[in-house]
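Q: Sequence:
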Amino acid sequence: MGIFDWKHWLVLLLVVLVLFGGKRLKSLGADLGDSIRALRRALATEGKGEPHPAEVESAALIAQQNPSQPRP
1 MGIFDWKHWL VLLLVVLVLF GGKRLKSLGA DLGDSIRALR RALATEGKGE
51 PHPAEVESAA LIAQQNPSQP RP
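Residue numbers (my numbering): 1 to 72.
Some hints could be false.
[Claimed, not checked] Restraint-style ranges between C-beta atoms, simulated for each label pair:
(1) I36 <-> I3: 25 to 31 Å
(2) E57 <-> A30: 37 to 43 Å
(3) L43 <-> K23: 28 to 34 Å
(4) T45 <-> L25: 29 to 35 Å
(5) A54 <-> D31: 20 to 26 Å
(6) R40 <-> Q64: 28 to 34 Å
(7) Q64 <-> L39: 40 to 46 Å
(8) V18 <-> A60: 33 to 39 Å
(9) Q64 <-> I3: 25 to 31 Å
(10) L25 <-> E57: 15 to 21 Å
Simulated from the structure, these hints should not be mistaken for laboratory data. Glycine included, C-beta positions come from ideal geometry on N, C-alpha and C.
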């Protein structure tokens, strides 16, 4: 019997289910899965040489603010 025995995990799971409810935990799991998929897509496109949309947007804003300076 350790400090984190399977019985302790079971009680902890039951407390979490009572506090948050099954529906909210299901939506949290779906949101977590969407976040992981988005991270994987971003990491996959990062290595292909395509600029990140935020970088493109910030470069366009800088170009609009300083039209006389050449772009790097």
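Q: Now tell me if each hint is right for this structure.
A: Verification of the supplied hints:
1. I36 <-> I3: 25 to 31 Å: 29 Å, holds
2. E57 <-> A30: 37 to 43 Å: For E57 and A30 the Cβ distance comes to about 28 Å; the hint is violated.
3. L43 <-> K23: 28 to 34 Å: Hint holds: Cβ distance 31 Å, inside 28 to 34 Å.
4. T45 <-> L25: 29 to 35 Å: Taking Cβ atoms as reference, T45 and L25 lie about 31 Å apart, which means the hint holds.
5. A54 <-> D31: 20 to 26 Å: 21 Å, holds
6. R40 <-> Q64: 28 to 34 Å: 33 Å, holds
7. Q64 <-> L39: 40 to 46 Å: 30 Å, violated
8. V18 <-> A60: 33 to 39 Å: Violated: the Cβ-Cβ distance is about 50 Å, outside 33 to 39 Å.
9. Q64 <-> I3: 25 to 31 Å: At 59 Å between Cβs, range violated.
10. L25 <-> E57: 15 to 21 Å: Violated, at about 35 Å.
Going down the numbered hints, you'll see the structure goes against 2, 7, 8, 9 and 10, while the others check out.
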